[in-house]
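Chemist: These are the residues of each chain, in order.
Protein chains: 2
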Amino acid sequence: MAAASPPAEAAVEEESLLSQPLLQQHEEQHHTLRRSASNTTSQLAIVGSNLCAIESLDYEIMENALFKQDWRNNRKIQIFQYIFMKWTFCFLIGLLVSLVGFFNNLAVENIAGLKFVVTSDMMLARRFVAAFAIFSSSNFALTLFASLITAFIAPECAGSGIPEVKAYLNGVDAPAIFSLRTLLVKIIGSISAVSSSLNVGKAGPMVHTGACIAAILGQGGSKKYGLTWKWLRFFKNDRDRRDLVTCGSAAGIAAAFRAPVGGVLFALEEMASWWRSALLWRAFFTAAIVAIVLRALIDVCLSGKCGLFGKGGLIMYDVTSADIPYHLWDVPPVILLGVVGGILGSLYNSLLEKVLRIYNLINEKGTFFKIILACCISICTSCLLFGLPWIASCRPCPLDPSEPCPTIGRSGNYKKFQCAPGHYNDLASLFFNTNDDAIKNLFSKNTDAEFQHSSMLIFFVTCFFLSIFSYGIVAPTGLFVPVIVTGASYGRLVGMLVGSRSTLNHGLFAVLGSASLLGGSMRMTVSLCVIILELTNNLLLLPLIMLVLLISKTVADAFNGNIYDLIMRSKGFPYLEAHAEPYMRQLTVGDVVTGPLQLFQGIEKVANIVHVLKTTGHNGFPVVDVPPFSEAPVLMILQRRVWEMETGLKI
Amino acid sequence: MAAASPPAEAAVEEESLLSQPLLQQHEEQHHTLRRSASNTTSQLAIVGSNLCAIESLDYEIMENALFKQDWRNNRKIQIFQYIFMKWTFCFLIGLLVSLVGFFNNLAVENIAGLKFVVTSDMMLARRFVAAFAIFSSSNFALTLFASLITAFIAPECAGSGIPEVKAYLNGVDAPAIFSLRTLLVKIIGSISAVSSSLNVGKAGPMVHTGACIAAILGQGGSKKYGLTWKWLRFFKNDRDRRDLVTCGSAAGIAAAFRAPVGGVLFALEEMASWWRSALLWRAFFTAAIVAIVLRALIDVCLSGKCGLFGKGGLIMYDVTSADIPYHLWDVPPVILLGVVGGILGSLYNSLLEKVLRIYNLINEKGTFFKIILACCISICTSCLLFGLPWIASCRPCPLDPSEPCPTIGRSGNYKKFQCAPGHYNDLASLFFNTNDDAIKNLFSKNTDAEFQHSSMLIFFVTCFFLSIFSYGIVAPTGLFVPVIVTGASYGRLVGMLVGSRSTLNHGLFAVLGSASLLGGSMRMTVSLCVIILELTNNLLLLPLIMLVLLISKTVADAFNGNIYDLIMRSKGFPYLEAHAEPYMRQLTVGDVVTGPLQLFQGIEKVANIVHVLKTTGHNGFPVVDVPPFSEAPVLMILQRRVWEMETGLKI
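Read top to bottom, the protein sequences are chains A and B. To get the numbering used here, take the position in the first sequence, counting from 1, and add 173. To get the numbering used here, take the position in the second sequence, counting from 1, and add 173.
Hints are not guaranteed to be accurate.
Same chains, same label: a pair holds when it works inside one copy or across any pair of copies.
As the list claims (entries may be wrong) - Straight-line distance between alpha carbons at most 20 Å, and here's what the computed SDA-like set of lysine to any residue pairs gives: (1) Lys527 / Glu750; (2) Lys249 / Tyr756; (3) Lys249 / His752; (4) Lys778 / Asn733; (5) Lys478 / Tyr499; (6) Lys249 / Ala303; (7) Lys527 / Arg742; (8) Lys538 / Ile326; (9) Lys288 / Pro348; (10) Lys288 / Asp621; (11) Lys538 / Met669; (12) Lys478 / Pro498; (13) Lys478 / Leu501; (14) Lys787 / Ile256; (15) Lys478 / Leu272; (16) Lys288 / Asp503; (17) Lys618 / Lys778; (18) Lys288 / Cys567; (19) Lys613 / Ile471.
Hints are computed from structural coordinates only; laboratory data are not their basis. Treat the numbers as computed from the prediction; the structure is a model and nothing was measured.
Next up, chain A with everything else stripped away, as it sits in the complex (with noise of 0.2 Å):
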């Protein structure tokens, strides 16, 4: 902190503070006594709390005498060093998190999409239970290894790692979560776990890995490997750390979904606690790289140099018009989607929730349980996606389709799987190809008579289960894409009920739907705006987005929270909300702490002061005097940093 607070206090000269830790903030309108307690409550709730090791972080730069003399003699050029640093780091950020992005999608598209050439190719020669084995044991052995990596080298990477990095920036500080092994197992976990068709998304694991490159640069160095480079000094302080990892979520999601400024939306609305303006150029500026750097590295596969990642272009699920003539009277149906949207979205939070707390009680047993379960998870996908499209019957192909009918392979929207020639089974066109491929389908316009209904209820119902029960298995899932997936289901299925009434294409309504489905899960409204629209390149569609948005996140909030939120509560983080509960306003250090409360009184002695700082673990004590000394708790925790620093032993 000694080192580090100059530029941290420079930091606060050039760049405006617009945001504040909230608990404390809301308490600080209280005076200093009462807030000095606030502070601790939080920290001490926290060693209460039967979680080991979790500490919380110090975000806030307490103004005192010290730290005053430290910003007195700082000088010019350590200010230049730090700006210098952060904007160096934010643009390793981008192109690190980028280049991960990128590799991460060509592994998938590249191993799914091999999977997908044989197993057709068996089907073709009417090979069928080959075809099964050679499908359900590549899902196997793909599933079993993402498994066994995040179980025996960092079980810290199971599930989407969104809410644990929401967490940290809201200052709680789980162990292991921004190691080196957590980043190595987190990228091939998610590859591995994607591609092994488990109906999880790679976003969260993105933006996990996006924060994790953020951390390792901004640890300050390593005495390890012997990193102890001056100029990383200055970011060994938690507060500048956060603001990388803000960066670098933001960074996570610009890169998973190519959607640069809903990736800085995101981090502002969803992962951020604090904020401020400085902070929205940083991240723009982090987000910008990763843009150039995927545009960049595009270019290059559109030249066909990256296998079967083939073309991939900038807008992932392009469903662009040049017109879109909606009316009035299509307003009804959307305003329907986005409620029962909305209800759909709160069940799929609470189910998963109860899925979760099933899921703890297994894992509790053991490794060798958390394997097992994966293992089950991944033969049951195998089977449903191999096994419900033989329900559907083959249909022929349509006359002039918009595609070659019936293809073989892996991507296409007209599926042969086992049907005669000239005809196409429709379910195994969702079932039978990577979430991304069945999210282009389901997206797509001029095929509105590709489907029958049956075939578009079986495959919503069966994704709605598979990714409430894929989420909790101990591999790197995401959450974005199965959401996206099945509400694009389901909001086709109501543009096929609505049916001709509707000027819309089907297509359109599937991402309607999928607009429901995240809003009544996600409860973000202009981050998940954005990023349907980078998504879908479709701005004629904005009003009635944000009209669905509104709607479905309105109705789900009657019923729970936001699905991270939910997540954290079931990891037992102690998330500090925005607000302070009526109830607290009556509370008590004393009634928070689990322990023996420890205070100190306004002058105490040195002696005791030291005891009580090797006998606990805190940063924090309740100072009950009056408030002439509330500094000191701030002072220990300065002295304690100092202290290690320069005696570096640990008190």
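Please arrange chain B on chain A, whose structure you already have, making use of the hints.
Modeler: Same frame as chain A, but now just chain B:
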């Protein structure tokens, strides 16, 4: 306050307080004594500044005995009433602002359109003098009207209004900026100013209009018109009114550019000094209403019921294209564009500031001079718009024109002007058009051969200076559109110079040019990005736009500040910056007040306090004593309010 505070508290309960007044926030890290002092600093600084009648607003909810009591005895029903009214107001704001915005567009298109039709007919009959007479006189009349109503009815309508609103949201209450009179004059004045072919925009005035509507709705009824409904009284506090005004300004941009998401982000990034996530959600709601209503209204116009407004779609300057193949070698020119754009932007800002200073000298001479000034500008503008096209040589129409060529009348890329049949005047297609049509023309693709270098250069230089000289006149004038059109011509010029060495067509260069100039003068990032996207509906360009914005903002920041801040300073608003300047750390209240410093002891005689309250107009006083009494100044404010409210007699 007494009546308002329980719901205000309810708001705190239901919403997350994400932001804080900035200097105060910075100060709150000192202890209370310092803090109360700093609060007062800001207020006394305002009183001390040589501006009459500017007061600071109370945005803090200060907790104290009185307030807590209020909060305890509030009833569920009140909270419900409050929340219900809050959302109703947001809905009304969205509805009204979108109606005004639509009416605004309609009026301008029809008035200006009519003017151009008549003049063009004259031109066709080769009665050039008569044409000029009609053109210039109608412009003159419109400008005169605008400046007359502004100067005599509501002088505070002059200019864009964004600085005023920004200052208000920062806590600076300039007199009469939100009166009903202001609202009407702003709307009518803006329409006539824009239709008078002055190089001024309508976005700024729309923001002010939106803020006005919000503030009037949120002023808690009006005794004058007998609107004293109890439910309205809840909003009789600065805090809730501020939130409504924020939503209003978001709605303003949303309506002006049909860019709902951009509007929300503009309010977040540029306007608001205080922000909380709940406000994002409400601003989004307001913007969504705007988007939906506008879409519906435009639906009506598509059937051609809106006269010359014709088919004004939801996207203003559509540059969609299926695929934009740009490659690595397109990046250097784009970077150059950004750098020069940044320099031009900062030059624009500083020139504008200087011109405003000169104008202030003229305007101080009295209303008459103000109006003379406006008239001169109008005459100059007319002469330039009508005169300069004669410089350009007539060019033969292209063999396969993308549009009819040559055209008579208001719109069209290939204006006939004075040319012989089969020929067009490229300069006239820019000058002899509304700004919107000029922008459409500059952004249009497949028109790379349309313009001569000389014409583009002339147009750029003329726009650059016209917009600088037009802003300061006594009429509602916006800056957005002028900057966009200037930037577009600049970008297109660069595109022409780069020529075939780039795969980007000149239209896209024009878009990037606008982006660079906007970035260089307004210094926003995400919001500009989204606004440009929503204006042009071309997501594939996003990486380049982000790149340009990054560069131009960075370059421009090296020279001077954001244009609105410059204008605010020149208007003398005591805007509280995000952070305290280093030297402020040494200041005491005594240093900043001009008059005799009124201060209280911790323990003070009531008589004394009442006396001071009677003799001064301030709401805050430093308490130089031990903190236990530091709530005193707050109590005073409340009691004053309560007293006034209950006894009705002004102490």
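Chemist: Evaluate each hint against the coordinates.
Modeler: Right, here's what the structure says about each hint:
no.: 1; hint: Lys527 / Glu750; verdict: neither (22 Å within a copy, 48 Å between copies)
no.: 2; hint: Lys249 / Tyr756; verdict: between (48 Å within a copy, 16 Å between copies)
no.: 3; hint: Lys249 / His752; verdict: between (39 Å within a copy, 19 Å between copies)
no.: 4; hint: Lys778 / Asn733; verdict: neither (49 Å within a copy, 53 Å between copies)
no.: 5; hint: Lys478 / Tyr499; verdict: between (40 Å within a copy, 18 Å between copies)
no.: 6; hint: Lys249 / Ala303; verdict: neither (70 Å within a copy, 66 Å between copies)
no.: 7; hint: Lys527 / Arg742; verdict: within (12 Å within a copy, 57 Å between copies)
no.: 8; hint: Lys538 / Ile326; verdict: within (18 Å within a copy, 78 Å between copies)
no.: 9; hint: Lys288 / Pro348; verdict: neither (37 Å within a copy, 71 Å between copies)
no.: 10; hint: Lys288 / Asp621; verdict: neither (29 Å within a copy, 48 Å between copies)
no.: 11; hint: Lys538 / Met669; verdict: neither (46 Å within a copy, 70 Å between copies)
no.: 12; hint: Lys478 / Pro498; verdict: between (39 Å within a copy, 17 Å between copies)
no.: 13; hint: Lys478 / Leu501; verdict: between (47 Å within a copy, 17 Å between copies)
no.: 14; hint: Lys787 / Ile256; verdict: neither (36 Å within a copy, 50 Å between copies)
no.: 15; hint: Lys478 / Leu272; verdict: within (16 Å within a copy, 52 Å between copies)
no.: 16; hint: Lys288 / Asp503; verdict: neither (41 Å within a copy, 38 Å between copies)
no.: 17; hint: Lys618 / Lys778; verdict: neither (76 Å within a copy, 78 Å between copies)
no.: 18; hint: Lys288 / Cys567; verdict: neither (23 Å within a copy, 64 Å between copies)
no.: 19; hint: Lys613 / Ile471; verdict: within (18 Å within a copy, 30 Å between copies)
Going through the hint list in order, the structure does not satisfy hints 1, 4, 6, 9, 10, 11, 14, 16, 17 and 18.
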